[in-house]
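Position chain Y against the provided structure of chain H, taking the given hints into account.
These protein sequence lines map, in sequence, to chains H and Y. When the letters of the first sequence are read in order and numbered with the numbering used here, they come out as residues 18 to 508. When the letters of the second sequence are read in order and numbered with the numbering used here, they come out as residues 468 to 968.
It is worth saying that the hints were derived from the structure and are not from the lab. Virtual Cβ for every residue (Gly too), placed ideally from N, Cα, C.
Computed cross-link-like contacts, EDC-like style, restricted to lysine to aspartate or glutamate with a CA-CA straight-line distance of at most 20 Å:
1. H:K175 - Y:E910
2. H:K225 - Y:D884
3. Y:K847 - H:D173
Residues of chain H clear of chain Y, computed beta-carbon distances all greater than 12 Å:
4. M18
5. Q25
6. R212
7. G224
8. A256
9. S295
10. R388
11. L433
12. I441
13. Y498
If you want the ones that stay clear, here's a sample from chain Y, every Cβ over 12 Å from chain H, calculated:
14. A664
15. N710
16. G965
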Amino acid sequence: MTPEMMIQLGMGLPLLAMALVGLTGSRPNVREACTLITSSVLFYVTCNLASFVFAGQRPEWNLGEMIPGFEIAFRVEPLGMLFALVASGLWILTTVYAIGYMRGHHEKHQTRFFACFAIAIFAAMAAAFSANLFTLFVAYEAMTISTYPLVTHHGDLKARNGGRVYLGILLSTSVAFFMLAIAWTWSVCGTLDFREGGILGLAHAEGKISDTQLGVLLGLFAFGIGKAALMPFHRWLPAAMVAPTPVSALLHAVAVVKVGVFTVLKVCVYIFGIDLMSQTGISDWLCYVAGATILLASLVAMTKDNLKARLAYSTVSQLAYITLGAALATDVSVIGGGMHIAMHAVGKITLFFCAGAIYVGAHKTNISDMRGLGRAMPLTFGAFFIASLSIIGVPPGGGAWSKWLLALGTVESGKLALMAALMISSLLNIAYLIPIPIRGFMTPPGEKPKTFKEAPMMCVVPLCITAVGSVALFFVAEQIYEWLKPITLGG
Amino acid sequence: MIEHHLPILLIAIPLMAAPCCVLIHSRRLTQLLALVVCWLCFGISVWLMTKVMYEGAVTYNLGGWEAPYGIVYVVDYLSAFVMLFVSALAAIVLTYAPTSVQAEIPEPKQYLFYATYLLCLTGLLGICITGDLFNVFVFLEISSLSTYAMISLGKTRRAPLAAFQYLIMGTIGATFILIGIGLLYQMTGTLNMADMAQKLEAVRAVDGETWVGSRTMLVAFAFMTVGLSIKMAVFPLHSWLPNAYTYAPSVVTCFIAATATKVSVYVFLRVVYEIFTPTFAFSILPLDTALMAFSLIGIFVASLAAIYQTNIKRLLAYSSIAQIGYMLLGISMANTAGLTAGIVHMFNHALIKGGLFMVVGCLILRIGSAKLEDLQGAGKTMPWTSFAWVLGGLGLIGVPLTAGFVSKWLLLTAAVDSQHWWVATLMLLSSLLALVYVWRVVETLYFAEPSEQAASAKEAPPLMLITTYVVVGASIVFGIWTEFSAGVALETAQQLLGVTQ
Chain H
18 MTPEMMIQLG MGLPLLAMAL VGLTGSRPNV REACTLITSS VLFYVTCNLA SFVFAGQRPE
78 WNLGEMIPGF EIAFRVEPLG MLFALVASGL WILTTVYAIG YMRGHHEKHQ TRFFACFAIA
138 IFAAMAAAFS ANLFTLFVAY EAMTISTYPL VTHHGDLKAR NGGRVYLGIL LSTSVAFFML
198 AIAWTWSVCG TLDFREGGIL GLAHAEGKIS DTQLGVLLGL FAFGIGKAAL MPFHRWLPAA
258 MVAPTPVSAL LHAVAVVKVG VFTVLKVCVY IFGIDLMSQT GISDWLCYVA GATILLASLV
318 AMTKDNLKAR LAYSTVSQLA YITLGAALAT DVSVIGGGMH IAMHAVGKIT LFFCAGAIYV
378 GAHKTNISDM RGLGRAMPLT FGAFFIASLS IIGVPPGGGA WSKWLLALGT VESGKLALMA
438 ALMISSLLNI AYLIPIPIRG FMTPPGEKPK TFKEAPMMCV VPLCITAVGS VALFFVAEQI
498 YEWLKPITLG G
Chain Y
468 MIEHHLPILL IAIPLMAAPC CVLIHSRRLT QLLALVVCWL CFGISVWLMT KVMYEGAVTY
528 NLGGWEAPYG IVYVVDYLSA FVMLFVSALA AIVLTYAPTS VQAEIPEPKQ YLFYATYLLC
588 LTGLLGICIT GDLFNVFVFL EISSLSTYAM ISLGKTRRAP LAAFQYLIMG TIGATFILIG
648 IGLLYQMTGT LNMADMAQKL EAVRAVDGET WVGSRTMLVA FAFMTVGLSI KMAVFPLHSW
708 LPNAYTYAPS VVTCFIAATA TKVSVYVFLR VVYEIFTPTF AFSILPLDTA LMAFSLIGIF
768 VASLAAIYQT NIKRLLAYSS IAQIGYMLLG ISMANTAGLT AGIVHMFNHA LIKGGLFMVV
828 GCLILRIGSA KLEDLQGAGK TMPWTSFAWV LGGLGLIGVP LTAGFVSKWL LLTAAVDSQH
888 WWVATLMLLS SLLALVYVWR VVETLYFAEP SEQAASAKEA PPLMLITTYV VVGASIVFGI
948 WTEFSAGVAL ETAQQLLGVT Q
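If we strip away everything but chain H, and leave its shape as in the complex, we get (with noise of 0.2 Å):
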């Protein structure tokens, strides 16, 4: 197989799930295992594509011009090979979770759910193997529009006005500030291509395109990506919680967030460059605003009750971490901010898991409510322990290496108030993740003890390999360190 058809099959086979899930709607145990192999699929032939990326090749499959002078083309680099990496082998697991917790529930339209679940991936999969700015736009918006039907799946008025939100805002910045900001590029550079080293370095070197200038753009691609979260413009992600929980979990713990801040990273990397970020230092006002969306969005946090509100607020936290990265220009921060795309992804996976596989085993959302619920589930909880380790950031989870390079580019760029932001939002992250599992083994339930009752197998299991996953990144953190330091390198 080549790497070429690796790529045609790592979007196919995302569109043929969809293919079939629609035309075996009827009977649900095949439905489901069409999603199980082919996701299983599509992670073997990413894997075998990863070997290729990784040992430094450039895969490249040039579909053709879709509007005259732009073109569809997709050329896969280490981030976005990272990136595919995460989503494929975490659709995998959220299938199975799926599968337990949409029947565990007796949801509604669960072939609509599979179908849009599988379109999402696709547009995933595309954006990550996205070879210039207009191709990564055509996939970021497709997924917008394919998991609208997966948020406003219950079809009621909390769906509906949850959509509005999350329609509203994800389309409204991306037509306003990122299409406006994709043509503005194209004007001054003449090209959209993704390159090494950037491409409005030379731009700027003739003339074309002032510091002012440069840093406005830079607004408008940071606000535009809306699916990064950055504050003001982060209300979509709560809102999306409305959504049935894999949801919630693949999509707005992986897939739809992570193309938001990868394209932060991308076009921090391979449009602007760092060199030209870090000589002109049009960047630092967005180090702030990423501060502060981590320190904000941290505190909001804590005042949530509800499991799945808190998590949102958390991932918007997360999610600033890593246009923090990429703003900050270094070599380390961004190295630290792709890979914290991976170890976030794994860590807050789990603790969506965990919050849906509460609600299907005890049918609680508030933490308040789960006083003493670790000892009748004590491998959800256990899990959600490990997992909330990583998104902390201490040893033995993953995230304590991608926290660690990142307050590494703060000493490195003399940030030091963000190196700061960066251990004070540390210490608020212990402070409304840890109190949950505590809550859940260590206070002693007002009347007996409740006898052992799991969700289902289906929705357990994935989330125990999903916690051992955060716990084995940790050791596996030099590997992807790397496989990511080839982007630093300018053209």
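Positioned in the frame of chain H, the structure of chain Y alone reads:
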């Protein structure tokens, strides 16, 4: 042999078939005849389009009289392109029509509908194909008069009033155009458009570098642009359109919404770019600035108005006024990229709006009302129809992988490239208003408790659904595969601007 005569057959066949419909009188036979004729016209248009693409422009002298003495038919990129989508939509809407017509037009009057439909098609195709300016006026009147008649066939008592309102406005517009043509004729002594353009060039050349030239030309230009603006429904001359679209029978709305205003844009392009030339219109006179301002205001005002409508047909009608604004915005940039965007949007919008009105036709057939409150919850009982609305609506918003995105992207890059930053920003912001009015309907269809009518509604008949999906599907296909639409539009724009590659 017959190949040579196809340009005239394109006009003659529907023109002759219309009175035949009146003579035949039987509902079934007229329906069949009209259907065959429409598809035949589509076939001829496709043939002409391919001929233009491979062999260049086709000219046909009526009765063998050479231009500029006789009337000549000219098929070039622009006219072939417009004729292609006009005839395509005419054919497909008529295929869709029978059930809806049966429900909305009293049986004894149905043969009249088919007859006027064919006449209207004749007019629209005639406007595109002829190279003679007076002929344009004649065909414009043929299409307009038949449109008035078709609108008045509407079910409610408001329909004749809406038709009358349109008649008044339309006649004023047509009269202005006629005055303009008269003045031009008086100046140049010719009605052939190519010839007229040449002679006007001569009138201008005498006056030297700066414009001191004849006031007649200015007056003619003013009358023509204002007259055409009424026909195109440019803000603030749009007042006839919402009522006409709302009270006409659904099928009629599908047809005229997809075609009529675009054909007027076509005439506008011909008059401004070929007869008066861009230098006169945009450098000497500030038509570009005026057009840009009115388009932008129109886009915002009409989109905002669309948001507050409670009748789905009227909502789409206001959206049409806004969309005309996007076409003119592209045209007003007076460069190749902008013009390409404007022309592509004529085509894309014809598909999108045609498709959406067809969806509305299905809803009205089953629910019997165009009010949003009656359509509540139709997503449950009419899932296919409702989903077609979502697909078409995404096109209207301009989401990637739909035709609307292609137009929006081309318009955006054209604006940015020619440093029209305000236009780019405002255009993008305005497209968010489309999100609001499209999604209002989506939420009505899917998230509201079903109304009585919607709860008991059945899915639309298969033929109507299939044809609707063909049009909506085309709006997706032309959002992914743009080689034809954008390619032809680029070619056209270069021709109009006289740019050679």
